[in-house]
Amino acid sequence: MQKVICLFFTVFVCKCALNAQTIEPSKGVDKNTLQTEIESIYSIEKENENTIKSWSTPSLLFRYGFLKNVELQFNFPIKQEKYFKKNELVYSSNTFDDLQLGISINLWKQKKLLPETALMYRSLIHYKSDFKLLHAGQVISLNLSNRLNPKLVLTNNIGYASEKENSYSTFFVSNLSHSTSEKLSLFIEYSCYNTPQQNKFQNALIGFGYAFTNNISFEGAVSKGLNYNQYYTGGRLTFVFNNL
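According to numbering that gives the first Met the number 0, the sequence shown is numbered sequentially starting from 0.
Any given hint might turn out to be false.
With a straight-line cut-off of 27 Å between C-alpha atoms, the simulated BS3-like cross-links for lysine-lysine are [said to hold, decoys possible]:
1) Lys45 <-> Lys182
2) Lys110 <-> Lys30
3) Lys81 <-> Lys26
4) Lys30 <-> Lys85
5) Lys110 <-> Lys45
6) Lys110 <-> Lys26
7) Lys84 <-> Lys30
What follows is a set of in silico ranges between Cβ atoms, one per label pair, in the way DEER data are often shown [stated by the list, open to error]:
8) Ile139 <-> Ser91: 30 to 38 Å
9) Asn145 <-> Lys81: 35 to 43 Å
10) Glu48 <-> Leu106: 44 to 52 Å
11) Leu147 <-> Asn47: 41 to 49 Å
12) Ile187 <-> Pro149: 12 to 20 Å
13) Thr212 <-> Ser161: 36 to 44 Å
Since the hints were derived computationally from the structure, they do not count as laboratory data.
For every residue, glycine included, the Cβ atom is placed at its ideal position computed from N, Cα and C.
Please construct the entire structure, taking both the sequences and the accompanying hints into account.
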């Protein structure tokens, strides 16, 4: 169970993502623009007498506007993990997590009730010590966004994720964001991951975003598993470089 959960939190939070918030936007970055996201996530998962603590230190996500409606993505996560049993440390590891190569294509803009929509695909690449790269999994999602009024935006992700051991999940993520001012925004989020091996994993998240300038912003969030024992908190610093 832990392996499946860690896969999906790597994909949608350590975009970290994230996650800060785990939702993926329906609108990509502008053409010839590079957006760099530096994110760190700390999570605790408990099951019976076992505890897994992990920390991304940090995750780097690069988004580049290749064409007008096409965004290229590259994610390079580093993760520290500690495993405890009966409050005693069993093992500790520092690893490079699976690389992520992706593309997001904006299909159309919002038209009244029809949400702005993007199709996103990410391939997970596992790095081995002998310099071999192996395909480890994939993520496909439809990212939908509705601006309800000048300050309120509802974004939904619907998708499918799989890994090489034939484990897979369907998922749904919904995020409601409110701009309290030009610089500050607040958001709440619900996510649900459904696997054939286990029942649904549901999470609730609350967070904020603050824009220091038009090109530098920060997001912070905390999340709690609704039907299983996991907690995580994290932050993401975003830099935007225009006209590259």
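Do the hints match the structure? See the list:
no.	hint	result
1	Lys45 <-> Lys182	37 Å, violated
2	Lys110 <-> Lys30	22 Å, holds
3	Lys81 <-> Lys26	36 Å, violated
4	Lys30 <-> Lys85	52 Å, violated
5	Lys110 <-> Lys45	44 Å, violated
6	Lys110 <-> Lys26	14 Å, holds
7	Lys84 <-> Lys30	49 Å, violated
8	Ile139 <-> Ser91: 30 to 38 Å	34 Å, holds
9	Asn145 <-> Lys81: 35 to 43 Å	41 Å, holds
10	Glu48 <-> Leu106: 44 to 52 Å	48 Å, holds
11	Leu147 <-> Asn47: 41 to 49 Å	43 Å, holds
12	Ile187 <-> Pro149: 12 to 20 Å	19 Å, holds
13	Thr212 <-> Ser161: 36 to 44 Å	39 Å, holds
Violated hints for the displayed structure, listed by number in ascending order: 1, 3, 4, 5 and 7.
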